[in-house]
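Q: Which chain is which? The protein sequence lines are A and B, in order. Oh and the first sequence: position 124 is 124 in the numbering used here, straight run, nothing missing. Oh and the second sequence: position 215 is 472 in the numbering used here, straight run, nothing missing.
Hints in this document: simulated from the structure, not taken from any laboratory. Be a bit skeptical, because a hint or two may be false.
If the Cβ cut is set under 8 Å, some of the chain A residues that face chain B in the computed set are [what the hints assert, rightly or not]:
{"hint": "1", "residue": "84"}
{"hint": "2", "residue": "212"}
{"hint": "3", "residue": "213"}
{"hint": "4", "residue": "253"}
What follows is a list of derived Cβ distance ranges for each label pair [unchecked claim]:
{"hint": "5", "chain 1": "B", "residue 1": "399", "chain 2": "A", "residue 2": "229", "range": "31 to 41 Å"}
{"hint": "6", "chain 1": "B", "residue 1": "258", "chain 2": "A", "residue 2": "28", "range": "33 to 43 Å"}
{"hint": "7", "chain 1": "A", "residue 1": "78", "chain 2": "B", "residue 2": "316", "range": "24 to 34 Å"}
Note that the structure is predicted; figures quoted are calculated from it, not measured. For each residue, glycine too, the CB sits at the ideal point set by N, CA and C.
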Amino acid sequence: MVEKSRLKSESKNLNFYYGNVHALKNVNMPIELNKVTALIGPSGCGKTTLLRCFNRMHDLYPHNRYEGEILLYPENINILSSAVDPIEIRMRISMVFQKPNPFPKSLYENVAYGLRVRGVNKKQVLDEKVEKSLRGAALWDEVKDRLNNSAFDLSGGQQQRLCIARALATDPEILLFDEPTSALDPIATSKIEELVIELKKKLTILIVTHNMQQAARISDWTGFMMLGELIEFDKTEKIFTAPSEKLTEDYITGRFG
Amino acid sequence: MTRFDEELMRLKEMVLEMGAMVESSIKDSVKSLVERDDELAKTVIERDHQINTLDVQIDEECIRLIALMQPMAGDLRFLTTAMKITTDLERMGDNSVNIAERALELNREPILKPYIDIPHMSRIAQGMTRDALDAFVRRDKKLAMDVIMRDDEVDDLKYGIFEELISYMVRDPNTVSRAMKISFVAQYLERIADHATNIAEMVIYLVAGKIIRHMALPEE
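Isolated chain A (complex conformation):
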């Protein structure tokens, strides 16, 4: 479906278990380079579980188990391999969460954090990166005069963009968004959506959303999941005008079950 040369990543026969719970079942999903891929589906369908596999977030808890692989291109490495350092992977594949979660630090230190962890301490380098990341997150103009203020002084929408700036600071190749606008008002939501479309020029985006109109507005590809399976994966336009699977049709037209 996605041309091999256009792949940034793909899951192959991916299964995931929370202890005995089989949460992802044989998921094969391509992620196209410089595109937005959206995951939709009812609560509990596994979309967030799938998203979190991409940067090994499940490693943080015992009894979680992956099977199959997630390949990262162009190197063709398996993200899930025990030989791969999850910290390194999270630099390359960053995540933005549902609720803005800035650190209790200044705006500047929030964005600089990932770099400091990496051992970057040169002020000039940090200054440049912080500005570039804040510009990338469309927040610079609003905060450039108060970078030493606490991150909690910002509005919810600004905090979310700050989290995006923080994620951008380590120059990730893929950004994972887990319902990034569900806690935001329509104006802040619209800013984040515009930002996502802008960001895909430079990186690749995978987004989980409950808001189907959002998936329709900003994504190029859409995957519909149910009970841990990827039921249908296709161009967003196809999914929302003429899906192939009845389950998809029933879900997006609100006639579920």
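Dock chain B against chain A, hints included.
A: Showing chain B alone in chain A's frame:
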């Protein structure tokens, strides 16, 4: 059934009501010509206001549902199809009015010749209209295809009528005014069949999600 389903059902009924009116107008307009019935012709012209009103109401309803319900997939295709279908139905109503107007004029003059092919064309056009709407209601792709195939027959009849009328005009210039008006009627009927074809094409989009307008017919 959800509230939205009920609204879609109501909309479908409105489209069918409009379709039934248009079908009557096609039938009555040709009848007013063949039977030289001025009163019937006037009924057709009067009825057009109701058809136009329904056209606007259906459009408004579709726009309302698109804005408020944000329909997706099959629902979205249904609403956009309903909007396009009513545009065609409205034009078919206008064509019927045109036929009724020519009937009123022709009824003032002596009969040029008995009407044979015009009623035949009208029956086919009515059948196409009815079946296109049936296909819409039942989401019947096969019936829609069948309607599309019938369009050629109407085209052929029109050209047959043109040729015959031209021969009248060549022989006797006194027939020109009447022959021209009857040619117009054949042309209006042919347009009506085209609109029925458009509706059938929209039904195929509704069912299959594929726009087949301006394409060679798919093999099936």
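Q: Look at each hint and say if it fits the structure.
A: Against the structure, the hints come out as follows:
At its closest, the beta carbon of residue 84 of chain A sits 39 Å from a beta carbon of chain B; the interface hint therefore is violated under the 8 Å criterion. Nearest Cβ of chain B to the Cβ of residue 212 of chain A: about 7 Å, under the 8 Å cut. The hint holds. Nearest Cβ of chain B to the Cβ of residue 213 of chain A: about 6 Å, under the 8 Å cut. The hint holds. Checking residue 253 of chain A against chain B by beta carbon gives a least distance of about 5 Å; that is within 8 Å, so the hint holds.
Take residue 399 of chain B and residue 229 of chain A: their Cβ atoms lie about 33 Å apart, and the range 31 to 41 Å holds. With their beta carbons about 36 Å apart, residue 258 of chain B and residue 28 of chain A fall inside the hinted range of 33 to 43 Å. Taken as a hint, the range 24 to 34 Å is violated for the pair residue 78 of chain A and residue 316 of chain B, whose Cβ atoms sit roughly 55 Å apart.
Consistency note: the structure conflicts with the earlier hints numbered 1 and 7.
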